[in-house]
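Listed in order, the protein sequences are those of chains A and B. Per the numbering used here: the first sequence = residues 1 to 160. Per the numbering used here: the second sequence = residues 1 to 395.
Quick caveat, the hints were computed from the structure, so don't treat them as lab data. Even for Gly, the Cβ is constructed at its ideal location relative to N, Cα and C. Some hints here could point you the wrong way.
With a Cα cut of at most 27 Å, we get these calculated DSS-like pairs of lysine-lysine [as the list claims (entries may be wrong)]:
1) B:57 to B:89
2) B:99 to B:159
3) B:89 to B:159
4) B:13 to B:85
5) B:159 to A:25
6) A:25 to B:99
Negatives, chain B to chain A, calculated, CB over 10 Å [to be verified]:
7) 43
8) 95
9) 114
10) 151
11) 176
12) 191
Residues per chain are reported as follows:
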Amino acid sequence: MNSAAFFIIGIITLSGAFAAATLPKLIHAALSLVVAFVGMAAYFFLLGAEFVGLVQIFIYIGAVAVLIVFTILLTRREPDRDRGRNWGGAVVALAVFAGLLWTILKAKAFDVSAPSIQPLTVKQIGEHLMTNYVWPLQCVGLVLTAALIGALILVMEEKR
Amino acid sequence: MSDSLDQIFINAKQWILSLLSALPGWLTPLVSCLINIAALLGVFLTLFAAISVLERKILGRMQNRYGPNRVGPFGLFQPVADGIKMLIKEDIVPVRADKLVHFLAPILIAATAILTLGIIPYGRNMTPFAIDGGILFFFAVGSTTELAVFMAGWGSNNKFSMLGAMRAIAQMVSYELPLIITTLPDVMVVGALSPDAIVAAQDGYWTGVLPYWFVTTPWGAAAFILFFVSGLVESNRTPFDVPEGESEIVAGHMTEYSGFKYATFFLAEYFGMFAISGLAVTLFLGGWHAPISILEFIPSYVWFFLKLSGLLFVYIWIRGTLPRTRVDQIMNFAWKFMLPMAFTCIVAAAVWHYLGRGFAGWLSSLAVIAIVYVALSRLLETKKRFATRTYRFAE
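Looking at chain A on its own, in the form it has when it is part of the complex:
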């Protein structure tokens, strides 16, 4: 049952990602990327990481996808010019993929049968964020606040 789900989700995710890389219209590519994001969230659900899956949907579809779509909309389009394939991007993607593959194959946990997964509750995550990982949380908060203030300064009308 789980392996069937794994393959179905994998096919959907990969086809979404492939479509995002190849479709000629940018908006179509962005919407296909959303399909890939949904597939990733489905993988998290399959692994019992409910909270991470929900956050994946929340941030990547609710915020990142909307941001990408708006960026495409607000930048200039030149439909006549065909830029051809961006081979530099393909090289970077292959390098990242090879690096990840190398790390995963090197890891020991790969050939050990997986232990029964304890479903991670939201409460556990909250407690860890407030005790062990307070510093990273605060740093992320600081970075986000700085980004917010920076965005405000960018759009603020200049006073003469």
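With the hints as your guide, set chain B onto chain A.
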């Protein structure tokens, strides 16, 4: 007796499942899910039909006219006529439209609206989709609506559609913030993200009369009002219906949709309204708990739907009362007033919690909210006064 009446739907479901016990084991959870989905859709489609005619009747009453009264007794069969009309209308797709995106947008928007209804506890043991992070699920799925609205606006290839979608997304993104932040005090006080736990925390009565609903605390009342206003914006209802302001941009992102696709948008809008109201009932109005302990013999789902209908009536009442606001007014209100007040609710809830949740905490949290409210009103005072209106062409 009252207990069996309360659990009648649960028992019915168990009975159906027991009939199927001869079938293979993996089928039982599937059938259980299907029963939940069928019940959810049946109840809310009926409610949609009822509210579509009741809204027109109530608005008619408020505007001193009859409203629909031709089809059936008192015009009660109006939804049937509307449904048939919508079904047999021609489905027009613009030539220059992006066919696939144009087609997928209504499906996505309706699917997300139905999904968000799943996590709300409708009665004792009556949550169709009980998960640990229910509140997060609600907002995660709800945030997908923005993408669907964008798809509708962009796929139609029409400037009114695009403008409407832009307006809708701008106000939805802005008001998502106060909407989510006003649920945080609840989550903090209860210590759980599941709607069932939040409803369970509002059980019990103060000396048998006053319920322990969160709306009875100052932070809860303030958060409820903020949540309700944000809900009005999220469901694009008057006075915040600029995305589909008929007098300015035809019908916003729905301009190029006709027939059943338009009906799907309409349905998604109402389902979104039901979901937001249902969540407001769950978070602040005690969910399915009875308001007075002697009335507890009335089944829990009756209480839930009574409260839900109360909120829906307020939605209609506001629509019949207030004119449409301007886009800049909506945005200013969100960022300058709603957001600081939402943060104040968190602080007030913390004060209430650490002063022992008693009368002292009640007064202190009221003081926190009152101080910030007065300070904000002073700060945002624009000194603009309305001049007496002079009519040039009318007497």
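Status of the hints after comparison with the structure:
In summary, the hint linking residue 57 (chain B) to residue 89 (chain B) is supported, as the alpha carbons are separated by about 24 Å, within the 27 Å threshold. Straight-line distance between C-alpha atoms of residue 99 (chain B) and residue 159 (chain B) comes to about 17 Å, which keeps the hinted pair within the 27 Å bound. Pair hint residue 89 (chain B) plus residue 159 (chain B) holds up; C-alpha atoms about 24 Å apart against a cutoff of 27 Å. Pair hint residue 13 (chain B) plus residue 85 (chain B) does not hold up; C-alpha atoms about 35 Å apart against a cutoff of 27 Å.
Taking the CA atoms of residue 159 (chain B) and residue 25 (chain A), the gap is near 19 Å; set against the 27 Å cutoff, the hint holds. This hinted pair checks out: residue 25 (chain A) and residue 99 (chain B) have alpha carbons roughly 13 Å apart, not beyond 27 Å. Every C-beta of chain A lies more than 10 Å from that of residue 43 (chain B), the closest at about 25 Å, which supports listing it as non-interface. Every CB of chain A is more than 10 Å from the CB of residue 95 (chain B) (nearest about 17 Å), matching its label as outside the interface.
Look at residue 114 (chain B): its CB is around 16 Å from the nearest CB on chain A, clear of 10 Å, so calling it non-interface holds up. Look at residue 151 (chain B): its CB is around 7 Å from the nearest CB on chain A, not clear of 10 Å, so calling it non-interface is violated. The beta carbon of residue 176 (chain B) sits about 8 Å from the closest Cβ of chain A, which is not more than 10 Å, so the claim that it is off the interface is violated. Residue placement check: residue 191 (chain B) does not keep its beta carbon more than 10 Å from all beta carbons of chain A (closest about 7 Å).
In the structure shown, a violation is registered for the earlier hints numbered 4, 10, 11 and 12, in ascending order.
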